[in-house]
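With these hints in hand, go ahead and build the complete structure from the sequences.
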Amino acid sequence: MKWLLLISLVMLFPPKLLANESSIDLNAFAKLYFDKMVATQMPNATKNELDEYLDLLSNDVGHSHLPWDVDDTRYPDGKEAKRKGMTFYLGAHTEYKAELLNVFIFNQSAIAIRYKHHAKGVHPQNNQSIEYTRTMMEVLEMEGGKVAVIRKYHE
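Everything in the sequence shown is counted per UniProt numbering, starting at 1 for the first residue and increasing by one.
Hints in this document: simulated from the structure, not taken from any laboratory.
Possibly wrong hints are sitting among the right ones.
The following label-pair restraints were derived from C-beta to C-beta distances [said to hold, decoys possible]: (1) 102 to 70: 20 to 26 Å; (2) 43 to 23: 36 to 42 Å; (3) 154 to 95: 15 to 21 Å; (4) 70 to 112: 17 to 23 Å; (5) 42 to 77: 22 to 28 Å; (6) 24 to 128: 37 to 43 Å; (7) 35 to 89: 14 to 20 Å; (8) 133 to 107: 28 to 34 Å.
Here are the simulated DSS-like cross-link-like pairs (lysine-lysine), alpha carbons at most 27 Å apart as the crow flies [stated by the list, open to error]: (9) 97 to 152; (10) 36 to 47; (11) 36 to 146; (12) 152 to 84; (13) 152 to 82; (14) 31 to 152.
All values reported here derive from a predicted model rather than from experimental measurement.
All C-beta atoms in this analysis are idealised placements derived from N, C-alpha and C, irrespective of residue type, glycine included.
Below, the structure is given as structure tokens:
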């Protein structure tokens with residue numbers, strides 16, 4: 001009798017519907033994330049591009065960018081802290097281009113994107129000219145269809 005009840009429940013509520021996390025196309029999400037992130041780095045980037053990028057993040061997003069920022073603790077105001085930091089650098093580039101190299105999907109819990117980017121501009125803190133080309137990997141931990149933790153690594 002218990003098996004009959006269990007089978008009936010599974011047929012009425014498939015396991016996918018019972019899952020806490022909704023399934024999303026993480027490959028498409030990775031490309032959207034990359035496009036929105038790149039838009040924030042462009043010379044003509046505005047708060048609108050920044051808001052579109054931040055919409056992809058959870059409110060308590062954690063972030064590390066090794067070796068400079070090693071604390072990826074998730075604080076309730078994580079998104080606002082990220083907004084403040086990114087606003088400071090908004091429009092600092094006079095040139096920016098990026099190429100998505102790889103996307104790696106890890107079930108519904110994580111995405112890794114690898115990309116190469118080149119930036120040129122003036123650092124807003126010290127007014128020094130900057131120019132660099134780097135290959136990066138960002139590991140994005142997902143929760144509820146949003147990015148909950150970002151970990152950036154340099155190759």
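Given hint residue 152 paired with residue 31 - CA-CA distance at most 27 Å: 16 Å, holds
Hinted pair residue 152 and residue 84, Cα distance within 27 Å: 18 Å, holds
Pair hint outcome, residue 36 versus residue 146 [Cα-Cα no greater than 27 Å]: 14 Å, holds
Satisfaction of hint between residue 82 and residue 152, Cα-Cα up to 27 Å: Given pair residue 152, residue 82 holds - Cα atoms ~14 Å apart, limit 27 Å.
Assessment of proposed distance window 22 to 28 Å (beta carbons of residue 42, residue 77): 26 Å, holds
C-beta pair residue 35, residue 89: status relative to the range 14 to 20 Å that was hinted: The hint (14 to 20 Å, Cβ to Cβ) holds, given that residue 35 and residue 89 are roughly 18 Å apart.
Assessment of proposed distance window 15 to 21 Å (beta carbons of residue 154, residue 95): 20 Å, holds
Residue 24 paired with residue 128, Cβ distance criterion 37 to 43 Å: Check passed, 41 Å falls within 37 to 43 Å.
Given pair status - residue 47, residue 36, alpha carbons within 27 Å: 12 Å, holds
C-beta pair residue 70, residue 112: status relative to the range 17 to 23 Å that was hinted: 19 Å, holds
Cβ separation of residue 102 and residue 70, checked against the hinted range 20 to 26 Å: Given about 24 Å between the Cβ atoms, the range holds.
Agreement of residue 97 and residue 152 with the hint, judged by alpha carbon distance not exceeding 27 Å: 18 Å, holds
In the structure shown, no violation is registered for any of the earlier numbered hints.
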